[in-house]
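**Q** To convert a position in the sequence shown, counted from 1, into this note's numbering, add 29.
Keep in mind that a hint or two might mislead.
Label pairs and their calculated CB-CB ranges [said to hold, decoys possible]:
no., residue 1, residue 2, range
1, 354, 313, 14 to 22 Å
2, 110, 279, 39 to 47 Å
3, 147, 347, 19 to 27 Å
4, 347, 258, 25 to 33 Å
5, 42, 266, 47 to 55 Å
6, 81, 240, 17 to 25 Å
7, 197, 266, 37 to 45 Å
8, 373, 147, 19 to 27 Å
9, 286, 380, 14 to 22 Å
Since the hints were made in silico from the structure, they are not lab data. Computed from a prediction, not measured in an experiment: that's the story for all the values here. For glycine and all other residues, C-beta sits at the position ideal for the given N, C-alpha and C.
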Amino acid sequence: MPETIPVHGARRSDAIAIARVICILGVVYVHAWTGLNGETLAALRGSGQDVLRWTLMEIFGRSAVPLLGLISGWLVAGSGRTRDWPHHVLRKARTILLPMILWNMLGILFVSGAARLLGLSAPQPQSVWWLVDEIIILTRNPDINVQMPFLRDLFLCMVAAPILVRVPDRMLWLVAIAAAAAHIAGLGPPVLMRASILLFFTLGILVRRHAIEERAARLPVMLAVLPFALLMGMQLYRAVSLGDGEWPLAQRSLDLVVRIAAAVAFWRLAWSLAGTAARGLLLRIERYAFFLFCSHLILIWLGGPVLGALFGPMGSPLYPLYLIAQPLIVLAAVILIGSVLRRIAPGAAFILSGGRLRRR
């Protein structure tokens, strides 16, 4: 008998919160410390540790991120606040754009500062325009907080949300198809750094309109996960065996299909976890998820080499243990920093967490 979603939606809300935790912890794998430069990484292509790294990156990182875009679109589609466009944009500027700018400034302060004062191998200011682009992300992806284009593009989607939530399905599908085509063609900057974010944001609105999340939650786990598992095998072969410049259109097309399958699989996983004993722990972690997303690369830039001196860089015998544990290590640091900041500077904790770490 198919599982019934409660009318009050409590489990659905829990599943959304848990999905955020899974996705953002997975993002850490994409940016995990390796201790190697690009040339040395290329020399290890196809090795056991390289396959492990790519597996974790693809399954828990890049493949999980689209669900964050879907969730954002789903939530905004049910919000009455979009009717007041100026208030809606101001609110999103306060909870998305302002934290992005502040964290980018902190990244320059701490990471570039450590590079200049302590010799850390990290980007340093090259010009005034470099600083502007690094902070506001006008024309290029930043060098330090490389995850922030998601927030930048998400904010632009939120600016357009009052229109998107009101247009008919036909128009939404046209927007989604255009975004998918731009992603496959490698287009987007400087308007959107990642056109796929608009695609999944728009799909999130469509999902809410047609209650597709309920149907996905009722899928048998194996049926939800199997397409993702099969496509992921192809994706991993491409990532490990082929060069970045080979068949770019085919690679980006496969990437898009994998991301859609991943969103279904991870939503079904989050729904299952919302009905287990792990629910309470994951919901307590969720309040730190946004803080984790924004701060994890600063922590990896600064802390990666410190622990790396103990475990060794990629290729060392103990590195796989370090690689697998990095999301949990970063999470522990984030909870400690967030908790302390919440006590000594609650206003700063509130702003930097996008309003998630509320004042006591």
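**Q** If a hint holds in the structure, say so; if it does not, say that too.
**A** Hints versus structure:
no. : hint                  : result
1   : 354 / 313: 14 to 22 Å : holds, 20 Å
2   : 110 / 279: 39 to 47 Å : holds, 41 Å
3   : 147 / 347: 19 to 27 Å : holds, 24 Å
4   : 347 / 258: 25 to 33 Å : holds, 29 Å
5   : 42 / 266: 47 to 55 Å  : violated, 38 Å
6   : 81 / 240: 17 to 25 Å  : violated, 38 Å
7   : 197 / 266: 37 to 45 Å : holds, 40 Å
8   : 373 / 147: 19 to 27 Å : holds, 25 Å
9   : 286 / 380: 14 to 22 Å : violated, 38 Å
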